[in-house]
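Construct all of the structure, not just a fragment, from the sequences and the given hints.
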Amino acid sequence: MDIVFNLLTAAVLAGTPLLLGTLGEILTEKSGNLNLGVEGMMFMGAIAGIAGSWFTEQWFSGGGFAAAFVGLITSFLAGCLGALIYAFLTITLRANQNVTGLTLTIFGTGFGNFFGELLGKKAGNFVAVTTETKNAFAGAMNFGPLSKIPVIGQLLFQYNWLVYLSIILAIAMAWFLNKTRTGLNLRAVGESPATADAAGINVTKYKYAATIIGGGICGIAGMYISMVTCSGVWVHNCVNGYGWLAVALVIFSTWSPSRALLCGLIFGGLKILRLYVSIPGVATQIYDMLPYIATILVLIITSIRQSKELAQPKSCGLNYFREDR
Amino acid sequence: MSAQASKEIKEPLFRITKRGSITAGKAWAIRGLALLGALLTGALLILLLGHNPFEVYASMISGAFGKKIAIQETVKLTIPLLITGIGLAFAFKMKFWNIGGEGQILMGGVAASAVAIYGTSLPHVPKLLLMATAAIVVGGLYGMIPALFKAKWGTNETLFTLMMNYIAIQFIMFLQYQPAWQEERTSFPKIRMLDASAYLPKVFGVHIGWIISLILVFVAYIYIAKTKHGYEISVVGDSPNTARYAGINVSRVLIRTMFLSAALCGLVGFLQVSGSDGTLTENTANGVGFTAITVAWLAKMNPFAMVLVSLFIAVLERGSSSIQTSHGIPSSAASLLTGIILFFMLGCEFFINYRLVHRGKKGEN
Chain Z
1 MDIVFNLLTA AVLAGTPLLL GTLGEILTEK SGNLNLGVEG MMFMGAIAGI
51 AGSWFTEQWF SGGGFAAAFV GLITSFLAGC LGALIYAFLT ITLRANQNVT
101 GLTLTIFGTG FGNFFGELLG KKAGNFVAVT TETKNAFAGA MNFGPLSKIP
151 VIGQLLFQYN WLVYLSIILA IAMAWFLNKT RTGLNLRAVG ESPATADAAG
201 INVTKYKYAA TIIGGGICGI AGMYISMVTC SGVWVHNCVN GYGWLAVALV
251 IFSTWSPSRA LLCGLIFGGL KILRLYVSIP GVATQIYDML PYIATILVLI
301 ITSIRQSKEL AQPKSCGLNY FREDR
Chain V
1 MSAQASKEIK EPLFRITKRG SITAGKAWAI RGLALLGALL TGALLILLLG
51 HNPFEVYASM ISGAFGKKIA IQETVKLTIP LLITGIGLAF AFKMKFWNIG
101 GEGQILMGGV AASAVAIYGT SLPHVPKLLL MATAAIVVGG LYGMIPALFK
151 AKWGTNETLF TLMMNYIAIQ FIMFLQYQPA WQEERTSFPK IRMLDASAYL
201 PKVFGVHIGW IISLILVFVA YIYIAKTKHG YEISVVGDSP NTARYAGINV
251 SRVLIRTMFL SAALCGLVGF LQVSGSDGTL TENTANGVGF TAITVAWLAK
301 MNPFAMVLVS LFIAVLERGS SSIQTSHGIP SSAASLLTGI ILFFMLGCEF
351 FINYRLVHRG KKGEN
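First to last, the protein sequences are chains Z and V.
Here full-length UniProt numbering is used: the first residue of the first sequence is 1, the next is one more, and so on.
Here full-length UniProt numbering is used: the first residue of the second sequence is 1, the next is one more, and so on.
No wet-lab data here; the hints were simulated from the structure.
BS3-like cross-link-like pairs, simulated, lysine-lysine; straight-line CA separation at most 27 Å:
(1) Lys95/V <-> Lys314/Z
(2) Lys93/V <-> Lys314/Z
(3) Lys271/Z <-> Lys190/V
Okay, structure coming up:
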C-alpha cells in the first residue's frame with residue numbers, strides 16, 4: 001500500500017510540469033498553431049523564473065513568497081516572449097510553423113543555458129535561491145485540518161501551490177474551451193480559419209492571444225522544473241526533453257485539458273515508475289520508453305478511427321492566408 | 001460582418017500582395033540584410049555583456065578556421081549536418097515532416113556498432129562496408145515505420161517521427177547496460193570503444209565522411225532534379241491529388257522516399273560512430289537531427305546551398321566553444337546565435353515572397 005501511495009504522490013509532483021506544458025500547448029494548438037518550441041519556452045521560463053526570484057532576493061535582501069511571486073511572473077513573461085517571436089514569424093510573416101517551432105527550441109535552449117551560466121558566474125559558482133524562497137515553491141500548502149485526514153489528506157492536500165494552480169488551470173481551460181463563446185471561437189479558428197474569418201472572428205487576434213498565453217503557461221512549466229524539481233538551483237540542461245514530452249502529452253490527452261489532468265498523472269507515473277516498481281526481466285530503460293510508445297499508440301489508434309472528436313485541430317500546422325483562399 | 005458593416009471600412013496602412021517574381025539578386029540581397037540584422041542583434045547582446053563584438057566575432061572565426069586542427073574540427077561538425085540535411089530534404093520536398101532524424105541517426109549508429117561489436121574478427125574494409133550497409137538499412141527501416149502508417153491511415157508523421165527519437169535514445173541507454181556492449185571486465189553503463197579496425201580512414205586529417213558527403217550532394221541533386229523519382233516526389237509534395245490523377249502511386253513514393261531520407265540519417269550514425277566518436281552514446285546525434293531541419297529549410301532544399309549553410313552552422317558551433325575560453329562567454333551562445341540567425345532568415349522569406357503596398361498607391365494588384 002505504501003508503494004502505491006508514494007508512487008501516486010510522486011507521480012503528481014513529476015506530472016505537474018508536464019501538465020502545465022501540455023495545457024500551454026493545447027491552448028496554442030487550439031488556435032491552429034503547432035508550436036514545437038515548447039522545450040525552448042520551458043527553458044526560457046526556467047531561467048527567467050530563477051533569475052526573477054534571485055534578483056528579488058538580492059534587491060530586497062530576503063526570499064519568501066514575494067520572490068516566488070516575482071519568479072512566477074517573470075517565467076510567464078519569458079514564455080510569452082518566446083511565443084511572441086513564434087507568433088510574429090508564423091502569423092504575421094507566414095513562416096513555416098514546424099521550422100519556426102524547432103528554431104524556437106534551439107533558441108530557447110541556448111537562452112536558458114547561456115543566461116543560466118552567466119547568472120551562475122554573477123552569483124559566485126552557481127546560482128541558488130534561499131531556503132525561504134525554495135520553501136515558498138516546494139513547501140506543501142497548509143490546508144489546516146484537511147491535511148490531517150488520514151489517507152485522503154495525505155493524498156490530496158499536501159502538495160505545493162503550483163500543483164493546485166495547474167489543476168485549477170486545467171479545469172478552467174476545459175470550461176473556457178467548451179462553454180464560453182471566446183473559447184468556441186478559438187476552436188473555430190483552429191479547425192477552419194477561413195470559416196471563422198467569414199463569421200467575423202478576428203483570426204489574427206485569436207491566434208496571437210492563444211499562442212502567447214499558451215507560451216506563458218509553458219514558461220511556468222519551465223519554472224516548476226528549475227524551482228521545484230531542481231530545488232531552486234540552476235542545473236545545466238535542466239528541462240532535458242520535458243518540453244517534448246509535453247508535446248507528446250497533448251496528443252496522448254487528445255487535445256482536451258480535462259483528459260490532460262489524468263494523462264499528466266499517468267505520464268508522471270510512467271516517468272518515475274522504475275523508482276518504485278520493478279518487474280524482473282524488464283530493464284529500467286524500457287520503462288522510460290513507455291510514455292513515447294503510449295503516445296505513438298494513441299496517434300495510430302486515433303488515425304485509424306478517423307475520430308474527429310479526438311483529432312488534432314484541423315488547421316494545425318498550416319498558416320492562414322486570407323488571400324490564398 | 002454585421003457589426004462592422006455599419007462602421008466605415010478602414011483600410012490598413014499597408015496591404016500585402018504576393019510578388020509575381022523577384023530577381024535572384026534582389027532575393028539574396030534581402031537574405032544578406034537579414035543575416036546582417038541577426039549579426040547586429042548578436043553584437044548588441046555581446047556589447048551588453050561588456051565585450052567588444054568585433055573581437056568576439058573575429059575570435060569565433062579564428063576559432064573555426066585559425067589553425068589546421070580548427071578547420072578539421074569544423075569540417076567534422078559540418079559532415080553530419082550536411083548529410084542529414086540532404087536526407088531530410090527528400091522527405092520535406094514531399095511535405096512529409098520527418099523530424100525524427102535524431103532517432104534515425106542513432107539507430108544507424110546502433111546497427112553500425114552492432115556489426116563492429118559482434119563481428120570483431122572481420123577484416124577492415126568488409127567490416128566498414130558491412131557497418132555502413134547495416135546503418136543505412138536499419139536507419140531507413142526505422143524511418144519507414146511512420147511512413148507506412150502515414151500511407152495506410154494518414155497518421156500524423158510529425159509527432160510520430162518525433163516520438164521515435166526518444167525510443168531510440170532509450171534503446172541506446174538500454175544497450176549501455178548490456179554486458180556484451182560494455183567494455184570488458186567492467187559494468188560501467190557505457191558502450192565500449194570500437195576496435196581500431198572499425199574506424200574510417202582519414203584524408204587530410206578528417207575521416208572520409210567529407211568525401212562521401214560531397215558525392216552525396218551531387219547524387220542528391222541529380223536524383224531530385226533529373227530523375228523520375230525526383231519528379232514524383234515534387235508532384236506528391238505539391239498536390240497528392242494531382243499525383244494520383246497522373247497515375248503516381250502516392251503510397252509507394254511516400255514509403256520509398258522516406259526510406260531514403262532515413263537511410264541517409266542512418267549513414268550519418270555510422271559516420272559519427274566510426275569516423276568521429278569511435279563509440280556510440282546517447283549523444284551521438286547531438287541535436288543534428290533537429291539542426292539539420294533548419295539547414296535543409298534555409299538552403300531551400302538545394303543540396304549545394306546546404307554545403308554553405310551547414311558549414312556556416314558548424315562555424316558558429318565551433319567558434320562559440322572558442323569564445324568560451326578566450327572571452328569567458330558560455331558556449332551555449334552557439335544555439336542562442338543560431339536561433340537568432342534562423343529567426344531572421346525565416347522572417348526575411350516573407351519579404352522575398354510578398355510585397356507591402358502603402359495604401360496611398362492605387363491601381364495595381
